[in-house]
Every structure is written in structure tokens, then in C-alpha cells.
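Protein chains: 4
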Amino acid sequence: MAFLGDLLTTVADRGRALIGFERTGSGRRRPLADLCEDLLSGRGEASGMALAQAVLDEWDRLDAEGRLGFFRLLLTHFGPDHERLAAALEAYREDGDAGPLHLASEPRRQELFRRLNLAPGGTRVLVRMRESLFTAMKEEPALAAVDADFRHLFASWFNRGFLVLRRIDWRTPANVLEKIIRYEAVHAIADWDDLRRRLEPGDRRCFAFFHPQLIDDPLIFVEVALTREIPGRIDDLLSDERAVLPATSATTAVFYSISNCQEGLRGISFGNFLIKQVAEDLKRELPGLDVFVTLSPVPGFARWLGRALDEPGAIGLSEEEAALLRLPQVEVAALDEAGRARRDKLLGHAMADYMLRARSPAGRIVDPVARFHLGNGARLERINVGGNLSPRGLREAHGVMVNYRYELADIEANHEAFASRDIVVASSAVKKLLRPPAG
Amino acid sequence: MAFLGDLLTTVADRGRALIGFERTGSGRRRPLADLCEDLLSGRGEASGMALAQAVLDEWDRLDAEGRLGFFRLLLTHFGPDHERLAAALEAYREDGDAGPLHLASEPRRQELFRRLNLAPGGTRVLVRMRESLFTAMKEEPALAAVDADFRHLFASWFNRGFLVLRRIDWRTPANVLEKIIRYEAVHAIADWDDLRRRLEPGDRRCFAFFHPQLIDDPLIFVEVALTREIPGRIDDLLSDERAVLPATSATTAVFYSISNCQEGLRGISFGNFLIKQVAEDLKRELPGLDVFVTLSPVPGFARWLGRALDEPGAIGLSEEEAALLRLPQVEVAALDEAGRARRDKLLGHAMADYMLRARSPAGRIVDPVARFHLGNGARLERINVGGNLSPRGLREAHGVMVNYRYELADIEANHEAFASRDIVVASSAVKKLLRPPAG
Amino acid sequence: MAFLGDLLTTVADRGRALIGFERTGSGRRRPLADLCEDLLSGRGEASGMALAQAVLDEWDRLDAEGRLGFFRLLLTHFGPDHERLAAALEAYREDGDAGPLHLASEPRRQELFRRLNLAPGGTRVLVRMRESLFTAMKEEPALAAVDADFRHLFASWFNRGFLVLRRIDWRTPANVLEKIIRYEAVHAIADWDDLRRRLEPGDRRCFAFFHPQLIDDPLIFVEVALTREIPGRIDDLLSDERAVLPATSATTAVFYSISNCQEGLRGISFGNFLIKQVAEDLKRELPGLDVFVTLSPVPGFARWLGRALDEPGAIGLSEEEAALLRLPQVEVAALDEAGRARRDKLLGHAMADYMLRARSPAGRIVDPVARFHLGNGARLERINVGGNLSPRGLREAHGVMVNYRYELADIEANHEAFASRDIVVASSAVKKLLRPPAG
Amino acid sequence: MAFLGDLLTTVADRGRALIGFERTGSGRRRPLADLCEDLLSGRGEASGMALAQAVLDEWDRLDAEGRLGFFRLLLTHFGPDHERLAAALEAYREDGDAGPLHLASEPRRQELFRRLNLAPGGTRVLVRMRESLFTAMKEEPALAAVDADFRHLFASWFNRGFLVLRRIDWRTPANVLEKIIRYEAVHAIADWDDLRRRLEPGDRRCFAFFHPQLIDDPLIFVEVALTREIPGRIDDLLSDERAVLPATSATTAVFYSISNCQEGLRGISFGNFLIKQVAEDLKRELPGLDVFVTLSPVPGFARWLGRALDEPGAIGLSEEEAALLRLPQVEVAALDEAGRARRDKLLGHAMADYMLRARSPAGRIVDPVARFHLGNGARLERINVGGNLSPRGLREAHGVMVNYRYELADIEANHEAFASRDIVVASSAVKKLLRPPAG
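Those sequence lines, one after another, are chains A, B, C and D.
If you count the first sequence from 1, you need to add 1 to reach the numbering used here.
If you count the second sequence from 1, you need to add 1 to reach the numbering used here.
If you count the third sequence from 1, you need to add 1 to reach the numbering used here.
If you count the fourth sequence from 1, you need to add 1 to reach the numbering used here.
These are calculated hints, taken from the structure and not from any lab test.
Small disclaimer: the values here were computed from a predicted structure and weren't measured.
A couple of the hints might just be wrong.
Put simply, identical chains are the same to the list, so a pair is met inside one copy or across any two.
[Unchecked claim] With a straight-line Cα cutoff of 25 Å, these simulated SDA-like cross-link-like pairs (lysine to any residue) come out: (1) Lys433 to Leu325; (2) Lys433 to Gly233; (3) Lys346 to Arg94; (4) Lys346 to Leu74; (5) Lys139 to Asp96; (6) Lys139 to Pro101; (7) Lys180 to Asp170.
Between the sequences and the hints, there should be enough to build the whole structure, so can you do that?
Structure below.
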């Protein structure tokens with residue numbers, strides 16, 4: 002197996018300069034547009050790596066204005082070859098063969114991107130290039146056509162078949178770990194000691210997908226807690242005073258944080274594969290695990306509730322109930338126990354409503370995290386009022402968290418119900434929280 | 002660096018069964034066509050890996066007839082979505098936006114291939130699938146349309162940016178080495194002892210490109226001899242009695258054998274990159290190397306010469322000269338020294354003619370190996386009569402071999418001359434061998 | 002874990018020249034004896050690696066005569082420091098403190114060996130040095146005193162705690178595999194195809210101990226067959242037509258060949274640890290394994306039997322029975338079935354006698370392989386007449402093989418019985434083969 | 002090379018439980034003394050690993066009192082076998098053969114330690130055991146006899162030939178890096194950001210020695226700065242605002258911090274080898290490096306100076322000069338520029354005196370760091386008044402630092418001069434600072 006390992010030490014020579022056979026013939030710098038044309042021409046066949054490197058070096062020197070100009074160039078000069086396309090259309094009308102039409106309608110920038118990838122470290126730069134494109138698209142929405150080509154290519158290159166799952170632990174190189182700290186998007190990691198608390202204890206796991214060409218940069222990672230029951234509060238998981246559970250005693254794997262790392266790969270979906278692969282691997286390692294569940298934020302709840310409370314009777318609340326939910330946080334803190342219990346109960350009902358009934362104008366379920374897990378075939382397992390009392394948790398979801406549960410036998414059916422018929426599969430406990438529809 | 006290494010041990014878990022979350026919901030086997038449709042549908046989103054595995058498992062069970070049927074299915078049922086294409090054409094006529102047209106004209110089998118790649122080891126099976134397709138295409142040339150999609154995808158997936166160069170030596174795992182024995186296409190390797198003679202001595206090198214998903218299967222490899230002069234005879238390089246040269250004394254790197262390994266990647270070009278990268282790496286390791294040269298077969302020479310001899314005067318030979326060249330090998334062996342010298346001289350002239358003047362009906366230079374090296378920017382350096390007296394060498398090229406030389410400063414210009422103006426760049430020594438054109 | 006891996010790539014830089022700070026001050030070559038004294042002196046502290054390298058380089062140039070001279074030097078000039086020893090003896094008589102006595106009685110060559118180990122690759126050369134010493138000892142038995150120091154040091158350096166168990170399979174580097182072919186001492190491996198048959202099938206395993214400083218040189222290895230029953234014939238295991246068993250169906254692990262590889266480590270015992278560690282690891286990988294057993298040669302049987310047959314009545318055989326056992330192999334082949342069956346039965350009885358009753362003049366059990374396994378705590382499980390009909394098997398043991406069985410619960414007791422009370426623990430089946438003691 | 006790498010992943014299985022063949026026969030816990038005797042007896046041969054594990058497990062449970070008891074046991078019950086020793090003495094008197102005497106005088110605890118090393122992770126526990134012994138020795142100095150055996154064994158096991166040099170950088174696993182933070186003994190590392198500043202910039206290096214059995218625990222490490230001149234102030238090296246130098250422009254390698262990591266290996270010397278090996282490796286990587294130099298603390302200077310100032314005229318100072326040097330730090334800060342310059346000059350003289358003339362009662366040079374580098378063959382290159390103005394630098398050495406220089410051609414001669422003749426080799430600049438000897 003070890004021979005394989007070595008393979009990547011060569012991949013990783015990405016930074017190394019080209020010293021000899023692969024260097025552009027002349028020292029003078031040519032305009033970026035010309036270099037790109039060269040790369041697509043016959044010269045690109047003779048000196049592809051060197052030309053690609055030259056283009057990427059030039060690109061690296063551009064400021065924001067220069068990059069915008071470059072993207073415009075990609076849009077206008079590196080679209081399909083129109084002459085060839087006209088001929089292909091003509092031919093298609095005659096023989097109905099769509100193959101040449103497909104090839105002729107391919108924007109030339111796709112081949113350009115493929116050739117740029119010849120340069121050492123090219124993949125990495127291309128991913129960063131798309132990040133810049135997002136910025137440029139804000140100014141110039143038409144550049145979305147360029148993005149479509151990036152996206153098409155990246156979906157093919159970052160196919161799950163080419164990804165590698167790796168456990169992240171305290172023996173992982175520091176240059177990878179610092180990225181875990183930086184990219185954690187759900188429950189921020191304060192510092193290295195905090196990081197260690199998430200990685201080192203025997204009842205903690207972290208896994209990431211990597212691509213061989215982005216070798217020390219994770220694409221997405223998930224943090225897992227091993228427990229004996231489905232947790233309702235994030236603090237129970239993250240507290241640094243909790244007792245550590247021997248992994249072999251655990252029955253439940255809790256996915257409590259999933260973070261995408263590469264803005265330049267936005268829209269290329271890894272999370273579904275990651276959760277299922279990690280579940281597989283954990284089950285293999287720890288056959289005692291029976292329950293695979295998340296502890297998830299509900300980032301759209303507070304905003305939705307705010308609007309709902311503005312429409313009298315919208316979710317079947319009395320005005321007094323609505324007022325209780327509208328209370329600012331400082332006043333909530335001042336409630337007596339009964340008042341708080343009452344408010345908590347109302348939050349539960351409202352969350353059930355949000356999850357099971359609320360729909361966007363386009364008819365989709367509102368919450369993005371919910372869409373992700375339900376779309377993966379999970380079911381909504383439990384609503385946890387008071388699950389996350391951090392400022393962000395309160396602001397986004399009045400402190401409520403939910404669990405989604407992944408159960409092998411039901412994944413396809415759940416997915417089908419959700420994807421085709423827009424049905425949110427939920428446990429009976431959740432359903433019981435639903436009050437009769439308003440009105 | 003080592004963290005990287007480990008990455009691939011996971012990649013290499015390719016054979017491992019899926020045990021849990023990723024298995025098709027039902028046990029009953031469905032027809033391959035239905036499984037493929039499932040994989041492209043919403044089910045594929047929920048259970049992509051498992052469905053992909055199921056398709057590939059079914060495929061593995063097919064006999065030749067079954068595979069032909071499968072390829073026909075790909076051709077007829079997994080082309081572009083015609084309804085969508087019609088709409089895109091309509092839209093294009095209105096707004097001139099080729100983007101939707103390009104997407105709509107993509108055959109559905111391309112996405113199918115991408116999803117099949119989700120299965121563990123999927124890439125490997127897809128490469129083997131294309132091998133089968135070549136067989137099927139002999140019966141049914143229309144399947145070339147399916148091949149175009151494979152080729153398009155593989156050109157993207159096996160982009161040089163994703164390949165890894167690895168030295169092959171006597172410490173390489175046996176399962177890789179046996180493939181070197183099997184795939185060597187130029188000068189056959191008799192057995193493990195013969196292999197060792199090509200790998201172990203200090204003045205020998207071997208390098209291969211690998212793809213992370215075909216981890217113990219090289220894509221292409223090159224064998225190199227380090228010498229102090231440009232060799233003219235293959236036996237001098239391969240003899241097991243030769244003196245071994247300390248690598249640091251070498252001035253010349255001789256690429257004496259280049260073999261493609263994956264029939265399923267036919268037409269995806271790696272050789273150009275391999276030679277240049279190896280030259281770079283060798284120069285880095287051994288700064289004393291100044292000359293990078295091949296010792297190459299000329300596989301098309303004898304056939305061409307045979308035809309030329311059939312046309313009287315075709316290459317400016319007298320009838321007596323032609324007769325000398327037509328002699329069967331047994332009679333050549335019986336020639337006296339002067340006769341043999343005369344014949345050798347004629348062979349040199351004829352080879353120069355073959356290389357510098359002969360053209361195919363399409364106007365291209367005839368010899369495929371020459372096209373490869375000249376297209377890479379090498380120049381024809383020397384003609385070696387008697388370079389390869391093995392049966393194959395005599396049969397293919399009357400025993401003549403040639404050297405192509407790679408010189409950094411000239412590569413682009415050489416390539417340009419050859420690619421655009423069909424000019425074969427050759428040393429003056431070779432040019433002097435040319436006799437005045439046949440009148 | 003991967004960081005560790007890299008560690009050894011540095012260890013493996015063993016061949017690399019010292020270029021700078023560590024080189025002996027002067028270029029002139031000094032006599033070996035002087036270099037050794039230098040290495041033990043203060044100079045050794047400043048330039049230990051370089052001096053050690055210089056000594057080992059000189060040593061490498063010596064012929065047999067020169068080596069004998071060197072060993073004599075070690076014996077006579079690098080024994081204990083007699084002055085210091087006299088003082089220590091004096092002190093011991095006064096204060097009874099044995100510590101200084103122990104230090105003062107240590108031959109100076111022990112420290113010399115330790116300092117020679119500073120050189121890159123020193124361990125390897127020291128092991129080879131001991132090999133040479135064995136040759137020299139044949140001429141000069143007094144050199145055994147030098148060997149005692151080697152042995153003491155190697156027993157410490159090659160402590161099992163420093164050894165690494167590695168599976169050997171078809172993905173192992175060729176330079177390691179060629180050593181498996183070379184070192185196999187029990188059932189010769191004919192060539193690479195034969196080797197592959199022992200490594201690649203799913204029901205075969207091979208494991209070796211390595212030392213970090215002898216990185217591609219195994220110390221000892223064991224070949225294992227996974228089966229469903231205890232085998233009696235080696236041909237059943239080695240046949241290339243046998244059906245391969247899925248490893249997970251196996252119930253029995255058969256250790257059918259154990260070979261020591263390093264003559265220079267003779268007398269340093271690894272086999273005991275190897276068998277037990279491999280049994281552990283196999284059990285961990287394949288919990289279905291219940292029986293751990295050998296299929297072993299009995300190399301001393303034929304010689305012993307020959308002598309026994311010379312003493313009339315020695316093992317209770319009638320003269321006719323003795324004659325049957327004395328038959329040369331060609332005549333055995335000519336026996337009718339009943340004759341052969343009768344002879345086989347006698348061989349079984351004789352083997353039981355050999356194993357259970359026969360003792361060397363020193364009172365030990367005769368067979369060296371038996372001593373090894375019984376000393377490890379195995380029990381004699383079964384006698385297999387006709388187990389190995391190869392020329393060697395017939396010559397050494399009239400074709401009989403035996404199984405030793407390792408059973409966790411009994412290992413200590415078996416060992417104790419054997420080591421302290423010289424009792425051979427055997428199955429009842431074996432015991433039943435015993436005939437009443439010769440009268 | 003990669004096969005090697007894998008080796009250590011097995012070594013690293015140190016924590017793993019023994020599940021099968023190697024477990025002590027009975028569950029009842031036996032007294033530690035009995036277990037130790039068992040391990041040395043025949044049982045140890047059958048079940049060495051398990052018994053060793055049992056001893057180490059028991060040991061881990063002992064409190065300080067228990068450990069003291071254990072060490073006493075080692076001292077009294079596991080010394081040499083007195084009967085055997087008496088016989089060996091007798092024999093020695095007769096035949097003068099010191100071999101048996103050496104063996105018989107070996108304390109039995111040496112073999113006990115070797116057998117304890119059979120347990121997985123045994124080496125690590127033994128090193129920790131010696132740490133505990135140091136504590137116990139404070140109470141009971143006689144235990145030094147036990148320590149002598151540890152030291153003898155460790156000197157053999159941790160022979161430089163078994164150590165591995167590894168670069169430490171920002172890609173090193175976090176569990177190794179946290180040890181660098183913890184063990185840094187010269188210039189404390191504040192946190193992970195500080196660590197990164199010492200490892201990541203292109204002009205910084207860090208190297209450590211590892212032993213294969215203490216795989217993620219460095220033995221000793223050195224931090225190196227690459228510069229263009231010999232630095233005099235530690236702040237110039239550690240400042241986080243300094244400009245980073247391209248490594249290839251550097252001419253000078255500065256060893257500015259060397260830290261031993263394993264208290265349990267005290268007295269086993271690695272530093273000499275480390276510096277020379279690192280110098281070699283750096284020279285190989287960066288041929289432009291010409292100067293190898295330290296920037297070192299002088300930890301004994303202030304104490305020595307304090308005493309010298311107490312003896313009027315001791316180092317040739319006038320009373321007024323002595324008063325200036327006696328000034329407390331707060332008053333020094335209040336000096337005008339001329340006063341400070343005068344004081345600095347006096348410090349330089351005094352340091353030269355300390356280094357070149359001062360001797361301990363035993364006649365050795367006083368400063369331990371100086372003894373280390375001079376003993377390695379370095380020369381005293383420069384005295385840097387004001388080199389380290391941190392509280393510790395001021396307290397220990399009035400802020401003075403020195404450079405020691407390692408020059409290949411002189412190392413042996415320098416070492417010899419220092420070791421045999423007690424001569425401190427110093428640059429002329431340093432020597433010029435010496436004032437005429439006090440009168």
C-alpha cells in the first residue's frame with residue numbers, strides 16, 4: 002500500500018519551479034490574452050505546462066480591476082467558435098447528429114481551463130480564480146456564463162470518485178489543522194486548545210474530504226461526537242468539563258458541525274457523500290453504533306418567525322402568544338419559570354410549523370440546512386428548544402436546534418418523498434408538536 | 002509531506018465492499034438499463050455510490066454480446082435529451098446564447114459516466130469499459146459516438162495536472178513491476194532478471210505516470226539509459242555484459258523505450274509530458290546531463306520501402322540498388338563485407354528519404370514514432386543502420402534505428418515548423434544522407 | 002500516523018556519503034588497529050561517525066586472511082582493560098560493590114562495536130562482520146570470546162521491542178521479495194511465479210520481522226496457509242491447482258514454513274515472538290480462525306531411525322519390521338499396497354517413539370524443530386506419514402511430517418512442562434501411536 | 002522507499018492491547034516482585050510480552066512511595082547473582098578469562114530491563130521509569146547503582162546509529178509540535194503563533210532526532226536561522242517584524258536554540274551528532290552556506306562574576322569598575338550613554354576572562370554550554386554584549402551572549418586541544434578582549 006503513499010509526495014511538488022524543458026521560449030512578457038491564445042494553439046501542445054504557468058503567473062499579478070477585465074475577456078473572446086457552431090448547426094439540421102453540435106457549442110474557455118490545469122498547482126489557482134469570479138459577478142451578472150463553465154468542469158474534476166476521506170486528529174499536520182480552525186463555520190473554534198478538545202478525546206472524530214491536487218486543503222469536514230443518547234444541547238457536546246466516553250461504549254454518532262472549506266467550489270456538493278461515508282466508516286470501526294444523527298442549527302427560523310408574527314394569526318397564535326415570542330432577549334431572561342416554559346412550548350410548536358408547513362414562494366421548504374439533510378434522505382427526529390443559547394443561536398433560531406436522523410433502510414424513501422413530493426419525513430414526536438393549522 | 006501519503010491509502014480502499022448507508026434499497030436485481038436510469042434520476046442523488054456499484058457489478062457479469070447490447074443502449078437511449086435540445090435550439094435562434102445549447106446537446110451518457118465514477122474503483126472499470134467498446138466498435142462503427150464521450154471525459158480526468166510521475170526501480174512493489182513486464186511494447190522484457198537489469202544498475206532509470214485512481218497501474222512509462230555518447234545500437238544498451246557507468250559521469254540520457262499501458266486510454270496523450278518531465282527531473286538530479294535523445298524504432302520503414310521498391314525509380318535507386326535492398330534476410334547474411342557495406346549505405350539513404358521526403362496521401366510524414374517525437378519538438382539527429390538486428394527490428398525497419406534529440410532552446414520552433422509547415426527538422430548529418438530527389 | 006513513516010526514509014539514507022562536518026581530518030589511510038583505537042579515544046568523540054565509517058570501509062576491503070587478523074586483534078587488543086580490572090577487583094574485595102567490576106570487565110570491543118554503529122549503515126556491516134567471524138571461528142575456536150560480545154550486543158539491539166512485523170504480499174517491493182525467495186529454507190521457492198502463488202491468493206499470508214536499521218532485509222519470516230482443516234501433506238498446500246478459499250471461511254491458520262534470514266544474527270531468537278504475534282494479528286483480522294497449527298518437517302528423524310535400526314530391538318521392532326524400514330526408496334516404491342501400508346504404520350510408531358521417548362546424550366529431545374515449537378509451548382498434535390514425498394522430505398524423515406499446535410490456554414503450561422521437566426506434551430492420537438517401550 | 006515508511010505504522014501500534022496468544026495465564030494480579038522474577042524465569046520465555054506488559058501495568062499504578070520501593074527492590078534483589086559471581090571470580094583467578102566474570106557481574110536488572118522492553122511501548126515506559134528514579138535518587142543516593150544500569154542500556158539503545166533526523170516544520174503533526182513548544186528550553190515559545198514564526202518562514206529550520214520507538218516524541222531538537230551575517234542579538238532573530246531572507250541567499254546558519262526533550266535520557270549525548278548532521282544536511286540543501294555558528298547563552302556567567310566581584314582584584318578590576326558591574330539592573334538603566342558603554346566594555350572583558358581563564362575547582366571551564374560546544378570542537382567566535390536583554394538573559398549573563406563557530410577543518414584539532422589540554426580555542430577578536438591577568 003505504501004507505494005501509493007509516495008505518489009503524492011510528487012503531486013505535492015506543486016510549488017517547484019520548472020527549470021528546463023518546459024519554459025516559454027522567450028523572456029519577454031506577453032499580454033494575458035495572447036498567452037491564452039497561445040495556450041490554445043499549437044504552441045500549447047509543445048509547451049503547455051510552461052505556457053499555463055505563464056498565464057497563471059500573470060493572473061496572480063492582476064488587481065481586482067485586471068481580474069474583472071480578464072473575466073470579461075473569457076466571456077467575450079473565449080466563448081464558442083461561432084463559425085464552427087454555425088457549421089455544426091447546419092449539419093445538425095441535415096443529419097440530426099447532435100455530437101458535433103455539442104462539441105462546437107463548447108465555449109473555448111473550457112479547453113483553456115483544462116490546459117491551465119497543466120501547470121504545477123494549476124487546480125488550486127483555478128479554484129481561487131472562481132472565487133474572484135464571484136466577486137466580479139456581483140458587478141457584472143453576465144459573467145455567470147463563465148461561472149457555468151467553471152462549475153461544469155469542477156463538478157467533473159471533483160467527482161466524489163476522486164475524493165479521499167481522511168480522519169483529522171491531533172496527529173494531523175498543523176498546516177491542515179489551522180484550516181480546520183479557519184473554516185469551521187457552525188460552532189467557531191476559539192484556538193488550538195479548543196481545537197484539541199474537538200479532536201483528541203476518544204469520543205470525538207473529525208473527517209474531511211481531500212482532493213489529491215489540493216493536498217493540504219480540506220474540501221469539507223464534519224465533526225462527530227460519540228454519545229450514548231441523542232443530544233439536545235450543543236453545550237453538552239462542547240463543554241470542556243464533560244466526561245469522556247470510551248468509544249466502544251458509544252451507541253450514537255452525532256454529526257454536530259459540517260463546514261465547506263472552498264468558496265471556489267461553491268455549488269459542488271460533497272456533504273451528502275461525506276455524511277454517508279463517515280457513517281459507514283464509523284460503523285465499521287465501532288459496530289456498537291446504531292444511531293446516526295445530527296445536532297443542527299436552524300438558521301432561517303428566527304427570520305421566518307419574525308415575519309410570521311407580523312401577520313396576525315398566521316401560524317395560529319393568539320396575540321398574547323405572539324407577544325411572548327416577540328419579547329426581546331433581555332426580557333425573556335426576566336421571565337419567571339412558568340413564563341419561560343410557556344414560551345419554550347410555543348417555540349416548539351412554531352418550529353414544527355416552520356419545518357413541516359412553511360414553504361418558500363417557490364414552494365420549497367425554507368430552511369437551507371433542513372433542505373440539505375432532508376434532501377439526503379434524513380428524517381426530522383427531534384426539536385430541541387434551548388439547544389443553542391449562544392448569541393448566534395438565539396439570534397438565528399431563538400436558541401432552538403434540531404436533530405436529523407439518518408437511517409439506512411429509509412434513506413431512499415425519505416429522499417424520494419422529499420424530492421418528488423415535497424414531503425418532510427418527521428418522527429411522530431415532531432409531528433405531535435404541530436398544532437392544528439391556523440385558520 | 003507524509004500526511005499526503007496517507008491520503009492514497011484511502012483511495013486504495015477501492016475493492017472494499019459498501020456495508021451500510023450506501024447500498025441499493027432492494028435486493029432484487031434490476032435490468033441494467035433501469036439501473037442506469039435510476040442513477041441519473043433523483044434516486045442517484047440519494048444512493049449514488051450504491052447504484053453506481055450495482056451498475057458496474059452488472060456490467061462485469063455481461064458477456065461480449067451483453068456488452069454490445071449495453072453500448073447500443075448508450076448510443077440510442079443515453080444521447081441528448083431531444084426535447085430539451087429542441088427548446089435550446091429555439092432559444093438560441095432567439096437570443097444567440099450558446100450556453101444552454103451546449104448543455105442540452107450533451108449526451109446523457111456523459112453524466113451517466115460521471116455518476117458511475119462514484120463507485121469505489123469506478124474509474125478503473127470505466128477505462129476497461131472503453132476497452133470493450135473498441136472491440137464492439139469493430140462490429141458496429143456507429144458506436145464511435147459513444148467513444149467520443151468517453152474520450153472527452155477521460156481527456157479531462159486524466160489531464161496531466163492530475164498525473165503523478167514516479168520513478169520505477171527495484172524497490173517498486175512487485176504488482177507494479179509485473180505490469181512493466183507486461184506492458185513493455187518496444188523491447189520485450191523476458192523475465193524478472195531481465196527487468197532487474199533495466200531497473201537496478203546505477204545508469205538506468207525508469208519513470209511512469211500514474212493517476213491516483215489507478216494506483217498500481219501505470220499509464221505510460223519510459224526507460225532511460227545514462228551514457229557518455231549517443232548510442233546507435235540497442236544491443237549496446239541492453240547487453241547484460243556491459244560495464245555500468247556511474248550516473249554522475251553520464252552526459253547523455255537515452256530514452257530507449259516508451260510504452261503506453263492502458264488500451265482504454267488510447268488517444269489521451271501522455272508521452273509528450275512524460276519525456277519533458279523526466280528530462281527535467283533527470284537534469285535536476287544529474288546536472289552533468291547535457292544531451293537528451295531517444296534511440297527509436299522506425300516501425301513503418303520496411304513497409305514503405307517495400308512499396309517504394311515496387312515503383313521503379315521511385316526513390317532514385319538503380320535497379321541493381323533496388324535488388325540489393327530487396328534481398329531476403331538469409332541472402333543478406335550471405336553477402337560479403339563490401340556488399341553489406343554497400344547495402345547499409347543504401348539503407349541510410351533510403352531512411353533519410355523516408356523521413357524527410359515521404360508523405361502519406363494526407364500529406365503527413367509516414368512514420369508514427371517520428372510523428373510523435375517531431376510533433377513534440379524533437380529533431381531527427383542520426384540514422385543508425387544496424388541499430389536493431391532482432392527479428393522484429395529487421396522485419397520492421399531492416400535493422401535501422403534513429404535518434405531524436407530534445408533540445409530545450411529549439412523545441413517550440415521545431416514543433417511549430419513540423420505542426421504548421423510540415424517541416425522535419427533534422428541534423429545536417431541526416432540531411433547529407435539525402436540523395437538528390439529522384440527525377 | 003504518516004509522520005512516522007517518513008522517519009524511516011531518513012534512516013534509509015544509509016548509503017549516502019558524508020560530505021562535510023563528519024569526515025576524518027586527514028586523507029591518508031591509517032592502519033585498522035589505529036583507527037579502532039582512535040574511535041575509542043577522544044577523537045572518536047569529535048569525529049565518531051567519520052571514524053566509524055573509515056573503519057568499516059577498511060574492513061570491507063579486507064580479504065579472508067585480513068579479517069582473521071582483525072578478529073584476532075579484537076580478541077587480543079580489545080579485551081578488558083586489565084589495569085582497570087585489577088583495580089576493580091581490588092575494590093570489590095574491599096567494598097563488595099560489583100558495579101565497577103562489571104564495567105571494568107567489559108571487553109573494550111563492546112564499546113568499539115557500539116561506536117562502529119555510528120556510521121551510516123553500521124548495523125548492517127556489523128551483522129555481516131559476525132557472519133565472517135563464524136567462518137574465522139572454524140579455524141580459530143578461541144574467537145568465540147569475540148562472538149560472545151557480538152551476541153550480547155545484538156540480543157540487546159534486536160530486542161523484540163525494536164522489531165516491526167510486516168505483512169509480505171505481492172505489493173511488497175521487489176528488493177524485499179527477492180530476499181524471501183533467497184532465504185526460504187524449508188520449501189524452496191522456484192521462481193517469481195512460485196513466489197506469487199505463496200503471497201497473492203486470498204488464503205495465503207506471509208509475515209516478517211524487520212529492524213529499522215536493516216530496512217529491506219527481513220530477519221525472519223513465516224508463511225501461512227488458511228484452511229478449513231489441519232493439513233497433513235505439504236503438497237496439498239503448495240499445489241498450484243488447489244482451490245483458493247475465501248479467507249473469511251478459514252478456521253485454521255497453518256504455519257508451514259519459518260525461515261531465519263540473517264546468518265549474522267544466529268542465536269538471537271525471533272521465531273517464538275513471530276509465531277505468536279502473527280497468530281494474534283490473524284485472529285484480529287479473521288475472528289473465525291480457531292486453530293493455529295504448523296505443518297513441520299522433522300529433519301532429524303531419518304538419521305535417528307537409521308541408528309536405531311542398527312541396534313537390534315532398540316525401538317521394539319522385530320527384525321522383519323526393521324528390514325521394512327531399512328528398504329531403500331526405490332524398493333519402497335515397488336512394495337504392494339499392503340506392504341506400503343504396513344511400512345507407513347511402522348513409520349508412525351517410530352516417529353512417536355522419536356518424538357516422545359528419544360533423547361540426546363544430554364537428555365534433550367533430539368529434533369531441533371521439535372525443540373523450537375515445544376519450547377514455545379506448542380503441543381505435538383499429529384503425525385503425518387507421507388506428508389512430504391519430495392527427495393528432501395524422504396531423505397530427512399522418510400516423508401513424515403508433523404503438526405504442532407499452539408493453543409492459548411496451554412502455552413505456558415506446555416512450555417513449563419517441556420522446559421523444566423522435559424515432558425513432550427502430545428495429543429492422545431500421537432500418544433496412541435506409541436508402542437509399549439522396547440523391552 | 003515507501004515500504005519502509007509503513008514499517009513504523011506497525012511500531013506505532015504501541016498502545017494496542019494484546020488479545021490472544023500473549024497474555025498472562027491467570028487473571029489474578031501477582032506482586033510486582035514476583036512478576037519480575039517470572040519474567041526473568043522460563044515463564045518469561047513463553048510469555049515474555051504478556052509478562053512484561055503486566056509488570057509495566059503494575060508499575061504504572063504505583064504512587065511515589067511504591068516506586069521508591071520498587072527501585073529499592075531493583076537495587077537489592079536484582080543485582081548480580083552472587084553465587085555465580087563468586088564462581089566466576091574463582092575461575093578468573095585460575096584462568097584469567099574475564100568473559101565469565103563480566104557476565105556474572107551483570108546486575109540481573111539489566112536483563113529485566115531488556116525483557117520489559119518486549120511489551121508494546123516498553124521503551125517509552127522505561128524512559129519514564131528512569132525519570133522517576135531521578136526523583137527517588139534524591140532521597141536515596143544509593144539508587145545511583147540502578148541508574149548506572151539504565152544509563153548503560155540506554156546508551157546502547159539510543160546509539161546515534163538508531164536515531165533518525167527529521168525536519169520539523171509547519172506540516173509536522175500537531176502532537177509533535179506541541180512537544181516542541183513544551184520542551185523548548187532556551188528561548189520559550191509563547192504559543193502556536195510564536196511556534197509558527199520559528200518554523201514557517203523560508204529562512205528558518207528546525208530539526209530533531211527521533212527514535213523509532215518514541216515515535217512522536219523528539220529526543221532533542223535544534224532551531225536554526227539562516228542569515229547573511231553572524232548575529233549578535235537574539236531579538237534580531239526572533240522579532241516578528243524582521244524581513245524574511247530567501248534561503249538560497251543565506252550564507253550563515255545560526256543554531257540559536259538546542260533543547261533536550263527526554264529527562265529520562267539525561268546523560269545520553271545527542272547534541273554533538275545533531276549539530277553536525279544538521280550542518281551537513283543544510284550544506285547539502287543550500288550549498289551557499291559557509292558559516293555554521295551558534296548564538297548561545299552563557300548561563301554561568303553572572304554567578305561567576307558575582308563571586309569574582311566579591312574577591313577584590315580577582316579579575317583585575319579596579320574597585321570603581323567592580324562597582325559599575327555590581328550595579329543592579331534598575332540603576333544600569335539609569336546610566337548615561339558613556340556609563341553604559343563603559344560598563345559594556347567591562348562586561349566584554351569579564352566574559353573573555355570567564356571563558357578563557359576561569360576554571361572550576363576541578364580545573365574545568367565553568368560554563369556548561371561552553372563545555373558542550375568547545376567539547377564538540379567549535380571555537381569561541383565572538384562575545385556579544387547586549388545580546389539578550391530578556392529578564393533571564395540579564396539575570397544569567399548580564400545580557401551577554403556568545404557565538405561558537407563550527408568549522409570543518411578545525412573540529413578535531415579544537416576538540417583535541419580542549420579535551421586533552423584544556424585549551425579554549427577562540428578567535429583573535431575574543432582574545433583581544435582579555436586584559437592582562439590580574440596581578
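A quick look at each hint next to the structure:
1. Lys433 to Leu325: within (22 Å within a copy, 86 Å between copies)
2. Lys433 to Gly233: within (18 Å within a copy, 68 Å between copies)
3. Lys346 to Arg94: neither (65 Å within a copy, 58 Å between copies)
4. Lys346 to Leu74: Neither: 57 Å inside a chain and 57 Å across chains, both beyond 25 Å.
5. Lys139 to Asp96: Between copies only: 23 Å across, 42 Å inside.
6. Lys139 to Pro101: between (34 Å within a copy, 22 Å between copies)
7. Lys180 to Asp170: both (13 Å within a copy, 16 Å between copies)
In summary, the structure is inconsistent with hints 3 and 4 from the numbered list given earlier, while agreeing with the others.
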